[in-house]
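Visitor: Residue numbers (the working numbering), protein chains in the order written: chain A, 1 to 115; chain B, 1001 to 1114.
Hints in this document: simulated from the structure, not taken from any laboratory. Hints should not be assumed to be uniformly reliable.
If you want a taste of the chain A side facing chain B, the calculated C-beta under 8 Å gives, among others [unchecked claim]: (1) M45; (2) R50; (3) Q51; (4) G108.
Here are the simulated DSS-like cross-link-like pairs (lysine-lysine), alpha carbons at most 30 Å apart as the crow flies [stated by the list, open to error]: (5) K1057/B to K73/A; (6) K73/A to K1078/B; (7) K1057/B to K107/A; (8) K107/A to K55/A; (9) K73/A to K110/A; (10) K70/A to K107/A; (11) K110/A to K78/A; (12) K1057/B to K1078/B; (13) K70/A to K55/A; (14) K1057/B to K1014/B; (15) K1011/B to K1057/B; (16) K1078/B to K55/A; (17) K73/A to K55/A; (18) K107/A to K1011/B; (19) K1011/B to K73/A.
Yeah, the Cβ is synthetic: ideal placement off N, Cα and C, and Gly gets one too.
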Amino acid sequence: AQTVTQSQPEMSVQEAETVTLSCTYDTSESDYYLFWYKQPPSRQMILVIRQEAYKQQNATENRFSVNFQKAAKSFSLKISDSQLGDAAMYFCAYRSGAGSYQLTFGKGTKLSVIP
Amino acid sequence: GAGVSQSPRYKVAKRGQDVALRCDPISGHVSLFWYQQALGQGPEFLTYFQNEAQLDKSGLPSDRFFAERPEGSVSTLKIQRTQQEDSAVYLCASSSPEGFTEAFFGQGTRLTVV
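Next comes chain B alone, as it looks inside the complex (with noise of 0.2 Å):
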């Protein structure tokens, strides 16, 4: 595609439900990134991706947090049990085989936990 696409845009979820966030990165790219933005802070990492292989989950808060990548292209994150403190813009970036000299991001999800 022409860009990073995430959906839904926007989400709202009740305390307990779980949800699913889905990226498609641009076609190609082997590299996928999950970042987590609370309000009024930078990105902070959350998980990476090369083609199907999850390589770094490291910056996932808590065992609710699961992403996937099966085919090496679409990517779901998802979240369990969604707490309040989960409230936040969760981006999605790919970028190139060609070693990372730039990171795509998609316009990312918002999601509120009510």
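Bound-form chain A, shown alone (with noise of 0.2 Å):
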């Protein structure tokens, strides 16, 4: 089965700083996804950036990148220039690439952003 780690229950970051959110999984497939989620209060699960394992490229979604290391099974998310909106609940989240396409979800990490 597969597991996905996320070892800061909580994060801190000063508004217009940049921060790293760490995500490790454990695998025995080759083909799968990686995703990472923002959770609001509001409790909608959001989409913040995916990564497709066979890509090398690290993805990256405007302030939103990756560092993805496949030999390390480490997926880690930089958020660049935090505003005070990506405060949030993070989830990182792993997808096979066959089956039901059932998302397994790590802990998460509450980022908070400081003004």
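Two chains, two frames, some hints: make the complex.
Guide: The following block contains the structure:
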């Protein structure tokens, strides 16, 4: 079974600074996808960024980028120029390339942004 | 619809009561998922539908949990004889038929069993 580990229960960052959230995963599969989701107090999970395992290039979405280290099974999220609206729970998630496409989530990291 | 809609947003049930949680996915989305999110935890998979077929129910924690999607659109998650440990947020997600590139989530139903 796949597992996803987020070792930082809480993180904080000054507004306009950069923060990195860590995620490691365990799998024996070669075909899979990795995601970072944001969950604000409204509870709705919002996709931040997605990485296909077969792609060597790290994904980037505006201020959000990932450092995908396939051999180390590491998938960290970097948020640049942090904004107050970035404050939320962040979840790392894994999805197999086959099967029912269910997501396996980590326990989350609570990010606070200090004005 | 514009997004995934779940109702009710909050539900308080007395222990032993049956509850039904509704999910209205994005129109045309073939795949539908239910997740359970306990306080302070990440969501955990419960069950998966492709159209009206329930293809995976391996995450349902007991036979008190039952899900259906009879016409391939709206889905209902039913919990019979609720227990305190069932208290959680129940999230529904749907994805498009062109292959799974993104799951769109609803705002969830927060169930509190007292």
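Visitor: Hint by hint, note whether the structure agrees.
Guide: Hint check:
1. M45: Cβ of M45/A sits 4 Å from chain B, so the hint holds.
2. R50: holds (7 Å)
3. Q51: violated (12 Å)
4. G108: Result: holds, 5 Å to nearest chain B Cβ.
5. K1057/B to K73/A: holds (28 Å)
6. K73/A to K1078/B: Violated, at roughly 37 Å.
7. K1057/B to K107/A: holds (22 Å)
8. K107/A to K55/A: Status holds; Cα separation ~26 Å.
9. K73/A to K110/A: Since the Cα atoms of K73/A and K110/A sit roughly 22 Å apart, the hinted pair holds (cutoff 30 Å).
10. K70/A to K107/A: The hint holds at about 21 Å.
11. K110/A to K78/A: With Cα atoms ~14 Å apart, K110/A and K78/A stay inside 30 Å; holds.
12. K1057/B to K1078/B: Given pair K1057/B, K1078/B holds - Cα atoms ~13 Å apart, limit 30 Å.
13. K70/A to K55/A: holds (10 Å)
14. K1057/B to K1014/B: holds (26 Å)
15. K1011/B to K1057/B: With a Cα-Cα distance of about 23 Å, the restraint between K1011/B and K1057/B holds, given a limit of 30 Å.
16. K1078/B to K55/A: Given that 30 Å is the threshold and the Cα spacing comes to 40 Å, the pair is violated.
17. K73/A to K55/A: Status holds; Cα separation ~14 Å.
18. K107/A to K1011/B: holds (24 Å)
19. K1011/B to K73/A: Violated, at roughly 39 Å.
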